[in-house]
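Asker: Protein chains in written order, with numbering that gives the first Met the number 0: chain A, 0 to 211; chain B, 0 to 195.
Hints were generated in silico from the structure; no laboratory data involved. For clarity, every value in this text was computed on a predicted model and none was experimentally measured. Glycine residues also receive a C-beta, built at the ideal position from the N, C-alpha and C atoms. Don't take each hint at face value.
As the list claims (entries may be wrong) - Restraint ranges, calculated between C-beta atoms of paired labels, are given here:
#: 1; chain 1: B; residue 1: Asp-69; chain 2: A; residue 2: Val-52; range: 44 to 54 Å
#: 2; chain 1: B; residue 1: Ala-75; chain 2: A; residue 2: Val-52; range: 47 to 57 Å
#: 3; chain 1: B; residue 1: Arg-20; chain 2: A; residue 2: Leu-176; range: 47 to 57 Å
#: 4; chain 1: B; residue 1: Thr-131; chain 2: A; residue 2: Gly-196; range: 38 to 48 Å
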Amino acid sequence: MNTDDLITGLGSELTPVRQGQLTNGVLLALGGGCVAALASFGLFWGIRSDPGVILQDVSLFAKSVLPLALGLAALALTLAKARPAGRSRAGRAIWLVPAVLAIYMLATLIVTPSAGWQMAIMGKSITTCLLSIPLLSAPILALILLALRRGAPEHPATCGAVGGLAAAGFATTIYSLYCVENSALFYGIWYSLAIIGVAVVGAVAGSILLRW
Amino acid sequence: MRSTKDIRWSELLRKANGGDRKAYVVFLKEIAPVLRGVIVARSGGQNSECEDILQNVLIAIHEKRHTWRDTEPATAWVYAIARYKTVDALRKTGRSRLVAFDGAETEYPDDTVHDPTVVGDLERLLDQLDTTSATIVRQIKLHGSTAEEVGDQVGMTPGAIRVALHRALGRLTALVTHDRQQSTQNKTQNKKKARK
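Between the sequences and the hints, there should be enough to build the whole structure, so can you do that?
Answerer: The following block contains the structure:
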């Protein structure tokens with residue numbers, strides 16, 4: 000078939016484009032996913048009995064705010080990665096999250112007497128943590144991936160992975176309101192592991208679902 | 000620094016996304032030769048495939064035009080789509096050296112169409128398409144109708160018919176590829192069974 004004919008055909012098929020439909024779709028998906036995650040959180044987990052301490056304790060505050068920062072930066076990065084040659088300044092700030100976490104973990108390691116390290120790391124809820132974060136991430140990630148199918152990622156796996164980080168960031172923020180562990184040595188390791196797991200799932204799903 | 004080409008393409012694409020068909024056709028006609036050059040260079044110049052890849056890139060640009068933000072350079076956006084689609088196409092042909100299925104070509108005498116097995120094969124493939132696409136392929140490629148005639152028949156503009164035809168042929172190519180891969184798999188499985 001002749002390329003000029005195709006161009007004429009495409010020209011006659013043109014309709015005006017709504018600006019921001021991809022961004023709006025992903026934000027809507029994130030909102031819907033978070034509502035689903037919050038609903039199941041309310042049903043099966045529930046907020047800890049003393050939520051006020053989260054605002055008073057630096058370590059507990061960081062436990063909720065670091066994943067929230069990760070979620071927001073990963074969201075910006077996902078939206079950039081979903082567009083050909085897309086760029087995002089906010090997305091590049093994502094590296095600050097693991098950097099701050101690493102510094103804070105190091106500080107905690109110094110402050111905690113070495114005899115207490117093992118107890119701090121092992122905590123009491125590794126299994127709950129490793130299961131809850133992926134479970135709460137699932138609805139968010141599923142909806143985000145669905146919305147991302149409207150996009151055109153140059154690297155579908157990368158786009159899916161950062162989408163997974165975004166989903167896990169928000170899900171972890173929700174989970175942190177239930178979790179009573181308070182050492183950065185605990186959540187720095189186990190939260191991170193769960194979040195990376197969700198990102199890997201996102202990468203695999205992305206490499207299948209986000210090709211165009 | 001933005002190049003004059005980038006300023007021009009961005010301007011045209013901005014107008015196109017606002018619904019300006021004339022600007023859109025000008026945009027596509029200006030990017031096509033540039034992209035053809037890029038694709039030929041990348042694929043080492045197998046020319047028949049290059050034109051197919053170019054058409055796929057143009058369709059991708061059309062379908063994904065909402066992913067361009069008018070604050071970003073249009074050139075980078077266009078090249079990124081061309082790169083993705085070219086790499087994708089070359090990977091596919093690398094896996095199975097397959098000549099694109101383009102229906103009954105005019106340069107060949109159409110005696111194949113009278114061969115009942117070929118017609119049967121083609122009908123079986125067309126059955127896997129939606130009815131409108133199948134009608135368009137049948138009318139234009141087998142009966143030689145024009146896009147205008149088929150357009151009247153199914154109630155679409157001739158332009159939309161051309162695009163639909165292109166996509167339908169693309170899907171047929173995919174079906175043929177799939178068929179061949181399955182038959183080779185079956186053959187290897189049969190061989191394995193025979194060895195046992």
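Asker: Give a verdict on every hint.
Answerer: Going through the hints against the structure:
1. B/Asp-69 with A/Val-52: 44 to 54 Å: Hint holds: Cβ distance 48 Å, inside 44 to 54 Å.
2. B/Ala-75 with A/Val-52: 47 to 57 Å: Since the Cβ atoms of B/Ala-75 and A/Val-52 sit about 49 Å apart, the hinted range of 47 to 57 Å holds.
3. B/Arg-20 with A/Leu-176: 47 to 57 Å: 53 Å Cβ-Cβ, so the 47 to 57 Å window holds.
4. B/Thr-131 with A/Gly-196: 38 to 48 Å: 44 Å, holds
When each numbered hint is compared with the structure, no violation occurs for any of them.
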